[in-house]
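**Q** Order-wise, the sequence lines are chains A and B. Using the numbering used here, the first residue of the first sequence is number 258, and each one after it goes up by one. Using the numbering used here, the first residue of the second sequence is number 260, and each one after it goes up by one.
By construction, these hints were calculated from the structure, which means they are not laboratory data. Quantities reported herein were computed from a predicted structural model and do not represent experimental measurements. C-beta atoms are modelled at their ideal positions from N, C-alpha and C, and glycine is treated no differently. Treat the hints loosely; a few may be bogus.
Listed below are several chain B residues computed to face chain A (Cβ distance under 7 Å; list not exhaustive) [to be verified]:
#, residue
1, 262
2, 290
3, 298
4, 302
5, 303
6, 369
Output of the computed footprint for chain B on chain A, the stretches with three or more beta carbons under 8 Å from beta carbons of chain B [to be verified]:
#, stretch
7, 292-300
8, 364-373
Spelled out from the first residue to the last, the chains are:
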Amino acid sequence: AQSVSQHNHHVILSEAASLELGCNYSYGGTVNLFWYVQYPGQHLQLLLKYFSGDPLVKGIKGFEAEFIKSKFSFNLRKPSVQWSDTAEYFCAVNALGTTDSWGKLQFGAGTQVVVTP
Amino acid sequence: GAVVSQHPSRVICKSGTSVKIECRSLDFQATTMFWYRQFPKQSLMLMATSNEGSKATYEQGVEKDKFLINHASLTLSTLTVTSAHPEDSSFYICSASRLAGGLDTQYFGPGTRLTVL
């Protein structure tokens, strides 16, 4: 079965610091990749996605992610965080090519990010 | 665009009763809708996938007679928790996708907090 790993469960950093959240998946075939964010008290929102093409994708609010196929990774980055980036971040993978997983999102466990003023 | 709503946002019920949760895509037609369950401090677990006009497909371990899913229109799916018990208490989240099979981006609702006494 496919799995999605997020390396950090909890990250605390100061405003203006750089952020990088790791995401690895186990499926060897074609994938669609997503990062979702859940702000306190709000629902999951799409930050960015990768379906094909340029492996460096830019999302909303200054976030970007890089798909490295050889490493089965899709790490999320932001060069300078703000207090408003405090949220939980979820990596999700849609493993294509198998009827069992077609269209289904496999989520990582999430990373709670706290940005201090 | 791509707004998904859920109703109710919170529900408290007695053990043995049934609870219906609605999921609506407000500004797009959702060919496929998904139902997830999220336990505290954990990631989202897919419960079932429903395509409009078809029977839902349930994930392994999810009782289809207990969690009844109806997707009668392109903008509405319902999840009915039948004969609810305290162990069914959880946060239920739906998502909607424009394309069949969910290959497009999934847009998430705000979730429904179910508490069974």
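**Q** Please list, smallest to largest, the hint numbers that this structure does not respect.
**A** Of the numbered hints, 1, 2, 3 do not hold.
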